[in-house]
Each structure stands twice: as C-alpha cells, then as structure tokens.
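Student: Sequence:
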Amino acid sequence: MSNVIRPDLGSKRDSESSSGDGQVVEALCIYGEEAGYRVGLVQDDSEPEGPVLRVFVGLTAGNDVEAVAVLPPTPEGRVDADAIGLAILRTLEIIARNHEDAGAP
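Going by UniProt numbering, the residue at position 16 of the sequence shown is 16; the numbering climbs one at a time, nothing skipped.
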C-alpha cells in the first residue's frame with residue numbers, strides 16, 4: 001500500500017521516478033502555488049486495490065509531481081485530502097516568507 005511511510009522516506013528513488021512511465025491525470029483541484037511549488041489533488045484509478053485520492057506537490061515550472069498523501073475516494077477522504085493540501089500550501093507560504101525575511105534569493 002502506497003500510503004505507508006517507508007524507512008527510506010526522503011531519499012532518492014531512482015528506479016521509481018526515472019522509469020519514464022509517467023501517468024497523465026487531470027487534477028480534481030489545485031490548492032494553490034507557493035514558493036515555486038504547486039499543490040493539488042487527483043483521483044488515481046490505476047491502483048490494483050481500486051481508486052484513491054492523491055495529494056500531490058510539484059514544481060510549478062515542470063510537469064512532474066510527487067504524491068505526498070494517499071486517501072480513500074470517500075467524502076471523508078476528500079475532507080482529509082483538502083485539509084492536508086491546504087496545510088502543505090500554508091507550510092510553503094511560511095517557508096517562502098521566512099526566506100524573504102532572511103534575505104535569501
């Protein structure tokens with residue numbers, strides 16, 4: 001199951017991300033863009049276990065995104081996905097503001 005936190009969380013995954021078999025999915029919603037990143041939500045129907053909601057983050061300048069949360073496609077799952085997406089967006093806003101306050105480029 002892809003919503004399990006792996007011990008290698010945060011490390012580079014060469015085989016997964018470089019395989020070139022990216023999937024094109026239309027976003028259900030975009031929570032916003034901040035600090036050069038886009039945060040949104042998609043429904044992924046390709047999982048063998050069935051459809052899931054995926055909160056994603058990706059650079060605004062590119063098309064590659066990474067799922068950061070996986071939830072069931074239920075009304076409760078959507079509420080949780082919205083809360084997660086907005087929390088990530090707020091975190092990016094804080095990071096951007098702190099960089100500006102510190103005079104970082």
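Check before you lean on any hint, since a few could be wrong.
[Said to hold, decoys possible] Computed beta-carbon distance windows for the label pairs: (1) Val25 / Gly103: 19 to 27 Å; (2) Pro72 / His99: 30 to 38 Å; (3) Thr74 / Glu26: 16 to 24 Å; (4) Glu26 / Asp101: 20 to 28 Å; (5) Gly103 / Glu49: 44 to 52 Å; (6) Asn98 / Pro73: 15 to 23 Å; (7) Gly77 / Asn98: 27 to 35 Å; (8) Ala83 / Val24: 24 to 32 Å; (9) Thr60 / Asn98: 34 to 42 Å; (10) Ala61 / Asp82: 19 to 27 Å.
The set of hints was computed from the structure by calculation and includes no laboratory data.
Each residue gets a CB set at the ideal place from its N, CA and C atoms; glycine is no exception.
Student: Hint by hint, note whether the structure agrees.
Tutor: Cross-check of the supplied hints:
| no. | hint | result |
| --- | --- | --- |
| 1 | Val25 / Gly103: 19 to 27 Å | violated, 39 Å |
| 2 | Pro72 / His99: 30 to 38 Å | holds, 35 Å |
| 3 | Thr74 / Glu26: 16 to 24 Å | holds, 20 Å |
| 4 | Glu26 / Asp101: 20 to 28 Å | violated, 37 Å |
| 5 | Gly103 / Glu49: 44 to 52 Å | holds, 47 Å |
| 6 | Asn98 / Pro73: 15 to 23 Å | violated, 35 Å |
| 7 | Gly77 / Asn98: 27 to 35 Å | holds, 32 Å |
| 8 | Ala83 / Val24: 24 to 32 Å | holds, 26 Å |
| 9 | Thr60 / Asn98: 34 to 42 Å | violated, 19 Å |
| 10 | Ala61 / Asp82: 19 to 27 Å | holds, 25 Å |
Hints 1, 4, 6, 9 from the earlier list are contradicted by this structure; the remaining hints agree with it.
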